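Undergrad: Once you've looked at the hints, dock chain U against the given chain V.
Sequence order for the protein chains is V and U. Count along the first sequence starting at 1, add 12, and that's the number in our numbering. Count along the second sequence starting at 1, add 117, and that's the number in our numbering.
None of these hints come from the bench; they were simulated from the model. Source: prediction; values computed, not measured. Just so you know, even glycine gets a beta-carbon here, dropped at the ideal spot from N, CA and C. Check before you lean on any hint, since a few could be wrong.
[Claimed, not checked] Just the calculated beta-carbon pair ranges, DEER-fashion: (1) V/212 x U/130: 40 to 46 Å; (2) V/176 x U/564: 41 to 47 Å; (3) V/362 x U/269: 41 to 47 Å; (4) V/217 x U/457: 32 to 38 Å; (5) U/170 x V/176: 34 to 40 Å; (6) U/235 x V/121: 48 to 54 Å.
[To be verified] Only pairs whose alpha carbons sit at most 30 Å apart, straight line, appear in this in silico BS3-like list of lysine-lysine: (7) V/360 x V/427; (8) U/402 x U/445; (9) V/50 x U/263; (10) U/241 x U/398; (11) U/434 x V/427; (12) U/263 x V/104; (13) V/61 x U/189; (14) V/153 x U/263; (15) U/189 x V/144; (16) V/54 x U/189; (17) U/257 x V/104.
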Amino acid sequence: MDPREITTQISEAADSLKLKKWDYGASFSNDYSVQVDKGEAKQLKASQKQILTLRVWNHFNLVGITTTSDISESGIKKALKQANIASDFGNKNESTEFSPLAKDPIKVMEIKKRCPVGIKKLLTLLREAEVKLIESHESIKSVPYNGLSESFFERVYANSDGAFRSYTKSQAALYLYARAEEKNKKPRSSGSVKLGYGVEDIDIESCIKDASNKTISHLNYSSIKTDKYLICFSPESFLTIINAFSSMFNARSILDGVSLSNKNSIGEKLSTEALNIYDDGLHEKNISSSPFDGEGTPTRRICLISKGRIENFIHSESTARIFKTIPTGHAGLGSKVSVSPDWIVVEKSEENSDLKTTLDHSTYEGEFVYIEELNAIHAGVRASQGSFSLPFDGWLCKNGKKISIESATVAGDIKYLFKNIVNIESSQEVTTSGISPHIWVDELSITGDA
Amino acid sequence: MLSSQIKSNEIVFGSCNKNLLEEIIFYGIGLGADFVEIFIENTDNSSVLAEEDFITSVSPSFGRGAGIRIFKEKKDGFVSTNDLTRNGLMRSVSQAIEMLDIIDNKKREVFNGLNKHRDYSLSKKKWINEVPSIHEISEKLLVSTKSLKKNNKIITRKGSYSRNLQEVIIASSDGTYVSDIRLHQTVGLNVIASDAQYRSSGSRRFGSSGMPNEFRLWDHEKAANDVFESSMNMLYADYVDAGQMPVVLANKFGGVIFHEACGHLLETTQIERGTTPFENKLNEKIAHESVTAIDEGISEGSFGSLSVDDEGMEPEKSVLIKDGILKKFISDRAGELRTGHKRTGSGRRQNYSFAAASRMRNTFIAKGDYSKEDLISSISDGLYCKSMGGGSVGATGQFNFAVEEGYLIKNGKLTNPVKGATLIGEAKEVMPKISMCGNDLELAPGFCGSISGSVNVTVGQPHIKVDSITVGGR
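For reference, chain V alone in the conformation it holds in the complex (with noise of 0.2 Å):
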């Protein structure tokens, strides 16, 4: 359905029921996947999915919302019919007003429209992946967590106040898991994931060789000793830690007194002044980019930590009045409207005299572990308490050789975390989460069982 007509049928819906303020937020998509085992279609499939939440303010200026699949002009009434009882509800001590910069211009990616390739070609082409998998190591037996999907997708955000956006694109992702074993050894298990404007834009090839190159180096393992360790995290988990922890930078967050900074924290020191971070959804790189956030805001750029201290939060627009400050394109709609951050990337600063730049994953030749990446997110991060204990894939190094570890888990403490960064590496990388170098961690906790 166009989105201008949804609009208007809200308009003349909420009209009759004397409804004189409202916005809504809207997802049409429809999307297709294959899976493969062993040469085979395990499954595939399609699905079109329409998704509208809308919001409504009562005549004390209180917020209600309801959120429905049914866009029909009856599901549409109902809703606000239930926005409009939920509205009695809606938080008094709290405000939530229309963002004041839902009108303003919106950047859009210039991205050339891709087309469905269809079940069919996913399928021959995760079905070649699987075998070339599969073929590229005597060792590895099968695939067992596999994946091809192709998305199309239409965002809209309007209100009774005029403001209309909308914007459509295309997502392709590729995930190749594969399983390894060997006589009297423990089967072991890596992947890789890709992600793409469309299926053409995957680089299929790198995924399997990714895939392989995991897999087979996480062969030879050995258990490690409990002990504290120069720690080298890769990008990708790196960026793992940070997104579970950006509830320091989140401005809901220390309102709801679940973070670990406060109103106050700008400008606190954490870490080296070396270390810059930013949230900026509309980087080039980022796949999953979206031109506005659930309220309308445009989303943009904004520095998180410079030169090792705190520089701004993200923000919904109640979080920017209460902060006295413009909302930054980061709300998701909701009755409690949450604040999320879209893209970080991490990078040296200026200020990097104090870094051991001897410290290089690919040439340093003393002890470290080498974290390739972080599991069980949700089981071992305490965000408000700010202590981590994590399982990780990774390797111990030491003379130029490295050596599979066997289930570990890294401990700490975010805040200790930040301190002992004892380098940044130069070369950033681009990973699905966003983009970081390599970063150095001194006298991290490894819990093993040697």
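TA: Chain U alone, transformed into the frame defined by chain V:
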């Protein structure tokens, strides 16, 4: 006139949809499908959040959609849609058929029409009028968060409630024609305590299925005391020292160890992938002889109970492990087709946009003969895990889960509280080390995320002793 025409051409909840469903299934079989399954749902959900002394969020939501699954030999194609009209459903069948590339129109399965309607929803239609109103929920949540305000170290107080009402229609080419209504309610309390550099948190969640009055009976005072006490006990706790040690896991949510470490590996989806070490171990010893483990969907009111699974089969009680011997896998339709293990009424999905998969329901270790004190007194140096956080299991069977509230055991006695502990291991190595089971089995509700989305489950166990496990810490 227009209205009645539309109705006859779309799924209408609460009405007889047999003709339309049969027409769609005939269409799929006629195009060469071996099997056609239609899952249709209509949801009416609502959630309420209280923070400190205010209601800060009330979120009603409605959804409706269909998931259509076509099997051809061992392959399946799944299409989901919000379009419940005749044309929309036919289009979905065509799309699934096209995906499977079915060209053999000669060999046709026979569809003899749908069986007599099994309507499990008859006594449940009144539930929507019996569940507490938003007003009633709000009042009780605010009283609950007020109860958490016990001293000035408590810096955040939250109470949350959610109610999911799901009406389903399931029809398939083996004649299955079923309707049901499911009601799930959960309520939880959370606090964060702080004093200078010290911080701790406490949380408890309660849940039920099919019991509209349950929230009214919830003892919020007891829950608040429990959460408060837990956060205070942990506020000044030291970090646990890492290492190998014996542990005692508390009952109720302590059962997450079995759920993560072993339960997932007994789902036929894991056999299909070749990722379970138990694939060829049926009737072999995989656990200590003190362990008997059960998965069932029939305990009245339990969060993982259901009248009928998402493939139209009544749930059975499955003894997975009997005295340490593996007896059964948890299976769904695809699991039976691909692995040969009989369905157990465990085909489950989060909603219409997921194909059903073999999933746990109420899963627990059966009670043994020991008291909690017997278990603790048998350990000279170890850890008591009173409250567990979430966990996960990796692709090669390693699991880990966080300990929310832990205490050191010294010379058979509970001593200091400790924080930051994570239990790490592998199922096949840990199961033989569960050497003692207590006599105090209790279940606890939770949400399990896996291949077919997030589903309601219970985990459970009596107090159990694991002789040795890796404890991650500082």
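Undergrad: State for each hint whether it applies.
TA: Verification of the hints:
no.: 1; hint: V/212 x U/130: 40 to 46 Å; result: 42 Å, holds
no.: 2; hint: V/176 x U/564: 41 to 47 Å; result: 37 Å, violated
no.: 3; hint: V/362 x U/269: 41 to 47 Å; result: 45 Å, holds
no.: 4; hint: V/217 x U/457: 32 to 38 Å; result: 37 Å, holds
no.: 5; hint: U/170 x V/176: 34 to 40 Å; result: 38 Å, holds
no.: 6; hint: U/235 x V/121: 48 to 54 Å; result: 52 Å, holds
no.: 7; hint: V/360 x V/427; result: 18 Å, holds
no.: 8; hint: U/402 x U/445; result: 12 Å, holds
no.: 9; hint: V/50 x U/263; result: 57 Å, violated
no.: 10; hint: U/241 x U/398; result: 41 Å, violated
no.: 11; hint: U/434 x V/427; result: 49 Å, violated
no.: 12; hint: U/263 x V/104; result: 17 Å, holds
no.: 13; hint: V/61 x U/189; result: 25 Å, holds
no.: 14; hint: V/153 x U/263; result: 57 Å, violated
no.: 15; hint: U/189 x V/144; result: 26 Å, holds
no.: 16; hint: V/54 x U/189; result: 11 Å, holds
no.: 17; hint: U/257 x V/104; result: 18 Å, holds
The structure does not agree with the numbered hints 2, 9, 10, 11 and 14 stated previously, though it agrees with the rest.
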